[in-house]
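Kindly produce the complete structure, drawing on both the sequences and the hints.
Which chain is which? The protein sequence lines are A and B, in order. Residue numbers for the first sequence, in the working numbering: 3 to 342. Residue numbers for the second sequence, in the working numbering: 5 to 362.
If you are wondering where the hints come from, they were derived from the structure by calculation, not from laboratory data. Treat the hints with caution; some may be incorrect.
Claimed, not checked - Computed cross-link-like contacts, DMTMM-like style, restricted to lysine to aspartate or glutamate with a CA-CA straight-line distance of at most 25 Å:
(1) B:Lys198 x B:Asp267
(2) B:Lys198 x A:Asp180
(3) A:Lys263 x B:Glu270
(4) B:Lys320 x A:Asp78
(5) A:Lys46 x B:Asp92
(6) B:Lys192 x B:Glu345
(7) B:Lys77 x B:Asp115
(8) B:Lys104 x B:Glu83
(9) B:Lys320 x B:Glu332
(10) A:Lys46 x A:Asp95
(11) B:Lys207 x B:Glu194
(12) B:Lys192 x A:Glu121
(13) B:Lys77 x A:Glu53
(14) B:Lys91 x A:Glu140
(15) A:Lys182 x B:Asp81
(16) B:Lys45 x A:Glu53
(17) B:Lys45 x A:Glu121
(18) B:Lys320 x A:Asp95
(19) B:Lys198 x B:Glu345
(20) B:Lys320 x A:Asp83
(21) A:Lys263 x B:Asp267
(22) B:Lys320 x A:Glu124
(23) A:Lys46 x B:Asp115
(24) B:Lys13 x B:Glu191
(25) B:Lys104 x A:Glu140
(26) B:Lys320 x A:Glu121
(27) B:Lys207 x B:Glu345
(28) B:Lys77 x B:Glu60
(29) A:Lys182 x B:Glu194
(30) A:Lys46 x A:Asp78
(31) B:Lys77 x A:Asp180
(32) B:Lys320 x A:Glu92
(33) A:Lys182 x B:Glu270
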Amino acid sequence: MGTPGTFSLRRVLSLMRQDFTAALRDNVMVYIIVAPLLLALVLKLLIPAAESSSLVFAVDRGLSPDVVDKFRGYGDVVLSDRAGIISRVERLDAAAGVLDDEGGLCLVLEGNEPRALVETYETILEDIDHGGAGADYEEVNLGAGGSIVFDLVALGLIMGTLFLAGTLSGFTIVDDRDTKAIQALAVSPTRVSEYAVARGLLATALGAAVAAGVNYIMVGRSVSVLRLLTLAALSGPLSALVGMVTGLFSHNQITAIAMLKIAMPAYLAIPLGAILVPGRFQFLFYVLPNYWQMEALKTLYAPSLATHGFWFSALVTLACSLPFLMMVLVAFRRRVGLRP
Amino acid sequence: MRRFFRLFKQDLVLAFRNAMMPVLVFLIVMMAVTVRFVLPKDWQPAETYYFVDQTEGAPYETVLRQSGVDAGKFLSDEEALRGVVRKDRGGIGVLFTGSKTHPRITIMHSDGVTPQGVNILKATLNAMVRRVTGSEGRQFSGESSRVRFLRPQAEPVPLNLTALPGLIAFEVIVLGFMFVAVFIFQEKHEGTIKAYRVSPGGKVAYVLSKTLAFAVLGSVYGCGVLASTMGRSVNYGAIVPLMALGAALYTLIGISVASFFQDLSEWLLPAVLLLTVNMIPAASMVFPTFSPRWLSYVPSYPAVFAIREVLFPSGKPILPLVGALVAESVAAYALCLFLTERNLMKEGRSWAPQGRFR
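In structure tokens form, the structure reads like this:
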């Protein structure tokens, strides 16, 4: 072991080894690895399906096949009688009914559809009524694309993964406190900085590996993994911060879960909500490291929303995390009695 | 009955302890601040359409500018248009060439745009062409189209409130799912379940006391969220029973799931995955045309739409949704009783003669 009073890498590695074994035994690590990957798989399948979902027309079966075919060009068509059409429109989705009413086409809607969707249905009906506009069309597919919803979900999932990895160290700290192992550490030469580095390094390594997996599932190779791993590394103090805060305020797993219930929405929702906040108020978030982590992730996943460059945001993530981590370390040391 | 109320009181006291109240108060304050002060009431996502008008006099660009399209969305030539569509994932480019009266329109897009999506875009562009050319075109059906609403059109919901039905359904009423498991693991750890099994209390009182405690807690939490975000504009007489019913359903499911596991760390992964699946109906709220039949089999499906209807009434009858929720709760109750007997109570019998304490 290292000399008491100096920072010892050997003690750090020893603590990491203990954590790794404990986390594997306790399933928490399995959860932190498996949950984001499974979630990524589900979302990868679900979001494109939801985004490409077709409009649904419940069409009067008395209408001519020509008209029915025209509606098929815009979405899925269900042929039905008048009562069936009304019943289909009444269902929970936003299907539109099409009736042949006194010689004219009539669109039947519930009344609770979003205005933009009503306008879309009206535009389609108007186009069918007018039979086009005399314009010639050409369609050019430029290849790989994406969607802003998908990009934001991928970004949120990566950020959630990095957060979850931070909680791994939190659970270990809670376990140390619950089993009084921390009291044994307090009378050993282990310093609070070594304790934090050990917890933070394991969380960072795990977070980086799982984030790379999530990234591959969600967007393949279209995002630079090297940059993602760099950001995960620069977010190491932030991961340690998440763990130390969880450990500081929780005496057992129950309070740790309660803490996560507060911390997770705060960690994810604040920077996500900031996207909707006008530019002149963005400065209010500048002090938060998770805001800058999201800014850096925006440059990778949603460049159209990014307001700063990758390196700037990634380095500010690191710079903003350190003072918070120092404060929490001081409080943690006082609480558990580890050496300064 | 007295035994049941004693148990209920005990569970309620425990539910309000254990750092639960500060957590809930913090979450309510956070939601209130976010909804009232952070999220705007109206927000338009950044436009992802880009245009180049090379027809004489650029009449299409003029119409688009008049309808409020941002000046930055108009580009100088086809190459620039291709470049920006390639760069902006999900962007769509529209190039107008030919003459004003017979334009040739090139639509550029990336993978993932469906043929129906392209046709809808063509219908929108056709409307613009008709506006520019002043042409009425050929009337397909001989009469102008009409739109009829089964009920008066509902007022658009302000953006900052749109997430509330989801928050109530996926945060407030699932509270019981998560915390009842914590209770059960604590009871297993402390051996309380074993002690309970040899006491005169039955599985019905055990299940119902927890269910009622979390129904109360869920309703109090939900009322806190709604009072701090929507204030008096909510029909509390309808939403409170609905939240209590939803919370009861998820507590019953929570007891059933937790009965299979020994501690929190074993339970965490399956629980989070179940909660994730439970949130899939949110996709139907974000994309109103996305509603595959299998989605309606997710337990939260009727709850989320019933809550939305109560919070933002559109006149749609909610009785079928409430009926579905009641049916789910009855089924969950039966399953919960079976699993409680099989997985939880058997621990107490392990040392006792078989059947003696039934």
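Consistency of the hints with the structure:
no. : hint                : in the structure
1   : B:Lys198 x B:Asp267 : holds, 16 Å
2   : B:Lys198 x A:Asp180 : holds, 24 Å
3   : A:Lys263 x B:Glu270 : holds, 18 Å
4   : B:Lys320 x A:Asp78  : holds, 24 Å
5   : A:Lys46 x B:Asp92   : holds, 20 Å
6   : B:Lys192 x B:Glu345 : holds, 14 Å
7   : B:Lys77 x B:Asp115  : holds, 21 Å
8   : B:Lys104 x B:Glu83  : holds, 22 Å
9   : B:Lys320 x B:Glu332 : holds, 21 Å
10  : A:Lys46 x A:Asp95   : holds, 22 Å
11  : B:Lys207 x B:Glu194 : holds, 18 Å
12  : B:Lys192 x A:Glu121 : violated, 57 Å
13  : B:Lys77 x A:Glu53   : holds, 23 Å
14  : B:Lys91 x A:Glu140  : holds, 21 Å
15  : A:Lys182 x B:Asp81  : violated, 70 Å
16  : B:Lys45 x A:Glu53   : holds, 24 Å
17  : B:Lys45 x A:Glu121  : holds, 21 Å
18  : B:Lys320 x A:Asp95  : holds, 12 Å
19  : B:Lys198 x B:Glu345 : holds, 12 Å
20  : B:Lys320 x A:Asp83  : holds, 21 Å
21  : A:Lys263 x B:Asp267 : holds, 18 Å
22  : B:Lys320 x A:Glu124 : holds, 22 Å
23  : A:Lys46 x B:Asp115  : holds, 15 Å
24  : B:Lys13 x B:Glu191  : holds, 16 Å
25  : B:Lys104 x A:Glu140 : holds, 17 Å
26  : B:Lys320 x A:Glu121 : holds, 21 Å
27  : B:Lys207 x B:Glu345 : holds, 7 Å
28  : B:Lys77 x B:Glu60   : holds, 19 Å
29  : A:Lys182 x B:Glu194 : holds, 18 Å
30  : A:Lys46 x A:Asp78   : holds, 23 Å
31  : B:Lys77 x A:Asp180  : violated, 59 Å
32  : B:Lys320 x A:Glu92  : holds, 8 Å
33  : A:Lys182 x B:Glu270 : holds, 22 Å
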